[in-house]
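Chains as they are written, first to last, in the numbering used here: chain W, 1 to 387; chain Z, 1 to 387; chain B, 1 to 318; chain H, 1 to 318.
Taking lysine to aspartate or glutamate and the DMTMM-like style, the derived pairs with C-alpha atoms no more than 25 Å apart in a straight line are:
| hint | chain 1 | residue 1 | chain 2 | residue 2 |
| --- | --- | --- | --- | --- |
| 1 | W | Lys-355 | W | Asp-334 |
| 2 | B | Lys-157 | B | Glu-143 |
| 3 | W | Lys-355 | W | Asp-282 |
| 4 | W | Lys-355 | B | Glu-143 |
| 5 | W | Lys-355 | W | Glu-218 |
| 6 | Z | Lys-355 | Z | Asp-270 |
| 7 | W | Lys-355 | B | Asp-304 |
| 8 | B | Lys-204 | Z | Glu-379 |
| 9 | B | Lys-157 | B | Asp-168 |
| 10 | H | Lys-157 | H | Glu-137 |
| 11 | Z | Lys-355 | Z | Asp-282 |
| 12 | Z | Lys-355 | H | Glu-142 |
| 13 | H | Lys-157 | H | Glu-143 |
| 14 | H | Lys-157 | H | Glu-142 |
| 15 | H | Lys-22 | H | Glu-285 |
| 16 | H | Lys-204 | Z | Asp-141 |
| 17 | W | Lys-355 | W | Glu-330 |
| 18 | Z | Lys-355 | H | Asp-287 |
| 19 | Z | Lys-355 | Z | Asp-334 |
| 20 | B | Lys-204 | W | Asp-141 |
| 21 | W | Lys-355 | B | Glu-285 |
| 22 | B | Lys-204 | W | Glu-185 |
| 23 | W | Lys-355 | W | Glu-34 |
| 24 | H | Lys-204 | Z | Glu-185 |
| 25 | B | Lys-157 | W | Glu-350 |
| 26 | Z | Lys-355 | Z | Asp-341 |
| 27 | Z | Lys-355 | H | Asp-304 |
| 28 | W | Lys-355 | B | Asp-287 |
| 29 | Z | Lys-355 | H | Glu-143 |
| 30 | H | Lys-204 | W | Glu-379 |
Worth flagging that the hints you see were computed from the coordinates, not collected in a lab.
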Amino acid sequence: MDLTWGDEEEAFRAEARRWLTANLAAWREECGGEPASGDTRHGFAQHLLWERRLFEGRWAAVSWPERYGGRDASLWQWLIFEEEYYRAGGPPRVTQNGIFLLAPTLFEFGTPAQQDHVLARMAAAEDLWCQGWSEPNAGSDLAGITSRATRVDGGWVIDGQKTWTTRGAFCTHLFGLFRSDPDAERHRGLTYLLVPLDTDGVTVRGFGRLDGDEGFAEVFFDSAFVADDAVPGGVVLGGVGEGWSVAMATTGSERGLTLRSPGRFLAAVDRLADLYRASGPDPLVRDRIVDCWMRAEAYELFTLQAVTELTGSRAAMGAESSINKIWWSELDVDIHHTALDLLGPAAEVEGPWAKGWQFSLSGPIYAGTNEIQRNIAAERLLGLPRR
Amino acid sequence: MDLTWGDEEEAFRAEARRWLTANLAAWREECGGEPASGDTRHGFAQHLLWERRLFEGRWAAVSWPERYGGRDASLWQWLIFEEEYYRAGGPPRVTQNGIFLLAPTLFEFGTPAQQDHVLARMAAAEDLWCQGWSEPNAGSDLAGITSRATRVDGGWVIDGQKTWTTRGAFCTHLFGLFRSDPDAERHRGLTYLLVPLDTDGVTVRGFGRLDGDEGFAEVFFDSAFVADDAVPGGVVLGGVGEGWSVAMATTGSERGLTLRSPGRFLAAVDRLADLYRASGPDPLVRDRIVDCWMRAEAYELFTLQAVTELTGSRAAMGAESSINKIWWSELDVDIHHTALDLLGPAAEVEGPWAKGWQFSLSGPIYAGTNEIQRNIAAERLLGLPRR
Amino acid sequence: MRFALTDEQLAFRDAVRDLLSKQCPPDVVRAAWGAPPGALQRGPWDALAEMGVLSAMSPEGSGGMGLDFCWMVAVLEETGRAALPHPVVETVAVLGPLRAPEGMTSAALGGTPAPCAFDADQLLVDHDRALRLYRREDVLLEELAAVDRARRLGVVKALNGDGEVVADDPAAIEAAFDRGALGTAAQLIGVGQAMLDLTVDYVKERRQFGVPVGSFQAVKHRLADAHKALAFARPAVLRAAWSVASSAPTTGRDVALAKAMASEAADHTGRACLQCHGAIGYTVEYDLHLFLKRAWALSRAWGDSRWHRRRVAAAIGI
Amino acid sequence: MRFALTDEQLAFRDAVRDLLSKQCPPDVVRAAWGAPPGALQRGPWDALAEMGVLSAMSPEGSGGMGLDFCWMVAVLEETGRAALPHPVVETVAVLGPLRAPEGMTSAALGGTPAPCAFDADQLLVDHDRALRLYRREDVLLEELAAVDRARRLGVVKALNGDGEVVADDPAAIEAAFDRGALGTAAQLIGVGQAMLDLTVDYVKERRQFGVPVGSFQAVKHRLADAHKALAFARPAVLRAAWSVASSAPTTGRDVALAKAMASEAADHTGRACLQCHGAIGYTVEYDLHLFLKRAWALSRAWGDSRWHRRRVAAAIGI
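Only chain W is shown next, with the shape it has when bound in the complex:
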């Protein structure tokens, strides 16, 4: 056991810190002050400036190969970067669904041509990818997908509707699951497709999230023809009919969304402690902050343990990612709830904590509700019987 960082990691940390400090300031200046939310049209454009800065500094996807704009960084370095990123006050990544959901799958299942084309443009924020999982009747029950992809000469014809597509109204491309075998049910007969949103017959309608931002979209497919070469290398990721296993293979992977970096919560708890110091003593709130601090710390330790295992023999977190997701999402809610209690009556006025509170409430819902995650944990980690 050795919980110290090596010289290489410390140098990496120092470089990241210097770059982030300088560039965050420069970006804010470029925006003429605090940028708007990345989930508004105006703010999204501002955040693209930031994404391009990250790409130019080769910080957009540090763990990727250099040829796609990364640094071939280790998972340790990725954790360090994330820690520094949130400590410096870096904004939420508007490219994250591409980088954290699609890219791991591309690395595992994509053809070289797909990888070469998609990854570099994704890191550069030239192509902006949104996810197309959920449908009006397929939320928690993702296998209930009914949007169809029909094979035709030279491509696919897509019909149906996706929804809850985060930042869909601002993106250029969608990745998602479509039913390619109309006779197959549930997890079978699905295909993972890459779809340019400017395809004829695709209509995107943005709509408001709880926090008021236009962060969601519905995407309608009305006999939309997607040519095989609409994405160089092909629009099918993995095999036809293999969509479910392709999509699921990387949900628990090291780069998956569920391994949300601890740095984000450590930084949030630090801000909470600062708010407390400014608000005057209250032993009850103090205890809640200690609770949040301990949970953020435990999350970091759990992650360090997981990364140790990942860099050793084991390949992926597997079902442990389910308790991971419950942990950080509930922690995030409690951090913000505590902050609002500190603010008192001022909590009902818009501000960063009120915004963060509203966003935190999506955590127990998205990427598989915490109810589903608890089912997974009980069935796969403890071996309890399905019904």
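Based on the hints, put chains Z, B and H in the right spot on chain W.
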């Protein structure tokens, strides 16, 4: 709305308080100090002295008719009596399963002969009744009962096993459900029987509860013949095959166990506040005590509201009794958990709070687990669909 | 001893519920989100005025009905259930018993923001050891961006003149505050109930994995707990109404308990309801958020749960 | 950076687990409930001694193995998993690094009761600004009735002589206390894991309503949460072991965090496990209560969660 007590109630309260103060002291003197737990053989005998005192003072079952030893007291007076009982430090009632579980059913379904014979002797603690609901494979799923009652000339032959029978090793009689129609399943074909425990072929084995007391028993029936007149008026309560509806009819009734009197928790919270005052200030614990106090108070108010409705038009609490049971059982756990935290390291040493803590943990389990109660609340109060 | 509203009180409540179901459907609340300051629709307000609700607690001589809080507690719960954006607690319960309101009255006590600040005809302010009533035009307001935009908040920046003193006895000022807290507690019960009802309806219909999501035990238990929280907070609110109405010595304690429990019940209910809805609850196109944000606002207005718990602690001597 | 035990450390743990599964099944714990003071069975203890576990942390020169806490954390977790009644934390972790123990050593620091007080050969007591080691016969003890009778508690009433001073530097005394807290935290993880494993096995087998009770979502979610609590507390304990082993400046804070989280995880796990068992868990004939009562005792020994949370608060400057 009028939240004041009338002269009659105040007089009743004063009489109860005087009697309780005098007689609790006299009983403790009679026992030569603090009596042992009523769930031990020795303590049970001591508590019978108390029960007989209660009967002589006509306090054993205040809401019953005078001819059975009661006072024809109103529900209001019953609440007042319970409040005074716990405020004065009265002990848990070792006769409670007869008085609160069997008696309401007898009042509703019993023949006059059954009522005349059983109730008076129950109030006098001459016959001591234990319940025979649960079986090794029928706990939460009470309808899974397999103990059989076979009709023969002049009576019933019983085979099978009951368990978790509170104080069964000390009682004289058992009431319970038995399968009288071997071809019927689940809720059908059950009969509610009254069984003297000295019947040949009945074996009672006491065993230890979590708190170490011999408070549970297993009751084995090995071709035990119960004559029709083993209980004057007959051993069948309600009709043959009607056991389920007979047993369930009064679970939510005003005299049912689920309307556990608020006085018990108000007194417990008062003792907790006293412990706090003696332990020195701690804002965190103080807040938890406020929480317990508010919940005990709300429980009293909820009960007053229910009794107002019961004494008006409505006949019974119905499914509201399920949230009632969750409320007081969780409150009881939290009251005791808070007390143990106040005691600190001393909490691991036996004492009234440690004992109470252990007992409180049975609350979310017995009389229908809180999981079952939440199902009932969701399905019957909110109309959510069964699976 | 009788702990229930009378048939007349229930009939009054039913009449208000009926009125609000017609006059204040969610679209009216949405309209309040978008209307510029001072341009709040007066439809439901005028209807309530016509029914006598707005002066119900004012002295009979002054044109009011002289009703006590037992009459109003269920009525105010209904205004919460409808997420009525107008300052009904401030007008009816805070000012009402002191003086018949002249039009829509908001309040900004203890320096907190005033709801519907720019829409109100009058503002009640505690200033210079008295409760003072100002005409809207005598108050300089600054707009605040509330999370619940239907709150239409303004903060008092300056006052013109001395206003009309409506209370200067500290006990009367405290009593007015308690009425605000209690009226808000009643509204919170209604907001919570509205969220629960909406969610119960939704989870009965919404199907996933081939069954209604309301058949899952996790959903059942969470909503059963929400129901429980509301069912036990409601009598606490009702008792505080009796305490206020009968000037019980425990009034402060009882109001504090009521507001603390109602705030917590609404908060817990809101979170349960959002979670049981899933993503659709997380959109502004669906109605849930109108109630959810109201619950957040009201649970902190007139003293949050922590503040009222401290009052309870002091009252019970720990 | 490498946050995992070495293969050698894991092998040591496995050897101890194997030993305890043979030497300390639940029957041995039950025997400790019934044995008179001073008559605790020494079987598992002697076997641990033979393996070198009891002097593992003692200096190599004095016959120990000189191992640091990273070696012991998983081993102590195993002693918790077996609900070993003997004072292994006191002997190995508290006294061990100061001086090789001579026989079974209990400890009574800060006036708290000593486990296995009458069974121990030596008692470590903090008295007159030093940690002092007394022979059993030089300590006057009074028996205490513990809820977990296998704790075999005694409270020190009087001491004969000055004992042997094993530490008088305040920092060394505090470090000894921290080792006791950390060793107990490790045991709590093991106790919690034992309860969870027992419960998972039970709910897979136990059928009600025609299905295993473990298929009900309420049971699944409660046990998933227990697993989560243990899974996140375990690395916190492991990190504190590293901090102790490497004399990190954050040691006090890290131990406090570990003990607070382990105490809470074991407490929550115990309640979940009892509830998921139902009535059978509420009997002394079934094994669960042996672990449950140990969890209650250990969660409060060496500082309860509230106390350690206050240490954390001070350490992080709030």
